[in-house]
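Note that UniProt numbering has the sequence shown beginning at 1, numbered continuously upward.
Just to be clear, a hint being listed does not mean it is correct.
[Said to hold, decoys possible] Here are the computed lysine-lysine pairs in the DSBU-like style, where the Cα-Cα straight-line distance is at most 35 Å:
#1 138 <-> 216
#2 182 <-> 6
#3 146 <-> 216
#4 6 <-> 216
#5 182 <-> 259
#6 240 <-> 259
#7 240 <-> 6
#8 45 <-> 216
#9 182 <-> 146
#10 45 <-> 182
#11 240 <-> 45
[To be verified] Have a look at the derived ranges for each label pair, beta carbon to beta carbon:
#12 13 <-> 86: 31 to 39 Å
#13 101 <-> 142: 27 to 35 Å
#14 3 <-> 41: 17 to 25 Å
#15 199 <-> 86: 12 to 20 Å
#16 44 <-> 259: 42 to 50 Å
#17 233 <-> 49: 32 to 40 Å
#18 227 <-> 105: 40 to 48 Å
If you're looking for bench data, these hints aren't it; they were derived computationally from the structure.
Here the structure is a predicted model, which is why all the values come from computation and not from measurement.
Idealized CB from N, CA, C, for every residue including glycine.
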Amino acid sequence: MSAFQKVRGSSWTEIELEQELQEVVAFTELEKDLEGSSSYAECFKSTDLRRTLLGVMIMTGQQFMGIAFISGYATYFFALIGYTDAFIINVILNCCAVAGSIVSFPLVRYVGRRSIMIVGAAVNCISMMLFSAIAQAKPGDPRAAKALIAFICIYTFSFAASWGPVGPVLVGEIPSNRLRSKGVACAFASSWIVALSVATSIPYLLSPEYANLGTKVGFIFGSLTFFVFIATYLWLPETKDRTLEEIDEMFLNRVPARKFASYTCTGEVDGHIVTGALRSESNAVANKQAVVAIEEA
Numbered sequence: 001m002s003a004f005q006k007v008r009g010s011s012w013t014e015i016e017l018e019q020e021l022q023e024v025v026a027f028t029e030l031e032k033d034l035e036g037s038s039s040y041a042e043c044f045k046s047t048d049l050r051r052t053l054l055g056v057m058i059m060t061g062q063q064f065m066g067i068a069f070i071s072g073y074a075t076y077f078f079a080l081i082g083y084t085d086a087f088i089i090n091v092i093l094n095c096c097a098v099a100g101s102i103v104s105f106p107l108v109r110y111v112g113r114r115s116i117m118i119v120g121a122a123v124n125c126i127s128m129m130l131f132s133a134i135a136q137a138k139p140g141d142p143r144a145a146k147a148l149i150a151f152i153c154i155y156t157f158s159f160a161a162s163w164g165p166v167g168p169v170l171v172g173e174i175p176s177n178r179l180r181s182k183g184v185a186c187a188f189a190s191s192w193i194v195a196l197s198v199a200t201s202i203p204y205l206l207s208p209e210y211a212n213l214g215t216k217v218g219f220i221f222g223s224l225t226f227f228v229f230i231a232t233y234l235w236l237p238e239t240k241d242r243t244l245e246e247i248d249e250m251f252l253n254r255v256p257a258r259k260f261a262s263y264t265c266t267g268e269v270d271g272h273i274v275t276g277a278l279r280s281e282s283n284a285v286a287n288k289q290a291v292v293a294i295e296e297a
């Protein structure tokens with residue numbers, strides 16, 4: 001109980017803490033009963049389809065933003081434009097990544113997931129676009145080279161403070177209890193597939209012997225990041241300060257993403273009061289002979 005008190009703070013009463021503890025215990029038992037008999041096909045049915053697609057959107061969005069380019073090919077890229085001090089570049093970028101990761105801790109607690117992801121996508125999009133625009137406008141200019149490094153640093157810091165750490169947090173929160181491990185697996189599998197495609201294509205995009213895009217590659221990732229920004233704004237829900245049971249209720253009631261933060265959970269799903277650990281999709285649970293307590297509203 002003391003652990004719950006530390007997490008929830010002094011504003012929660014002992015009765016509320018006890019109630020949540022009972023829900024967590026009951027949901028854990030229910031998850032054990034259902035997880036073994038669930039299948040990956042269920043991740044793509046009913047309200048679980050929305051949750052699975054959100055996880056895929058988040059993890060593939062990381063790759064479409066061009067993080068593989070920054071983390072794996074930045075040194076190679078700067079060498080192409082004449083900046084050869086690879087060690088200094090790597091030190092600077094790693095420092096930016098560490099600083100962003102540290103900043104993400106208070107941000108995710110006090111700001112919220114959705115806002116962080118939206119702002120992060122916007123900053124990354126602008127950084128990539130300006131990166132390529134300046135490189136095209138001032139080729140070979142030493143001051144322009146410094147500006148390019150600055151925008152890459154901004155991108156790295158922004159990604160490390162937003163999509164890098166917060167994305168996996170959301171992927172762990174969004175799937176339903178009985179399909180959580182499978183939903184997370186689908187999200188990360190899609191990420192690795194896209195990451196492989198992006199990482200193998202970047203050398204061909206940069207190399208003078210192939211596409212020879214050079215600094216124009218930023219326009220590609222900037223454009224992709226813009227679409228990620230739009231998708232995030234339209235479809236990503238806010239899960240800050242929500243229990244897993246409340247998240248279940250909102251998805252089952254098909255609450256729009258932009259209303260998650262203001263939605264008041266009542267424990268009702270489709271006109272029925274679903275108690276405690278039984279806030280799970282009633283049909284799916286019934287099919288697995290789970291114990292569901294439903295009272296008429």
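Hint check against the structure, violated hint numbers in rising order: 4, 8, 9, 12, 14, 16, 17 and 18
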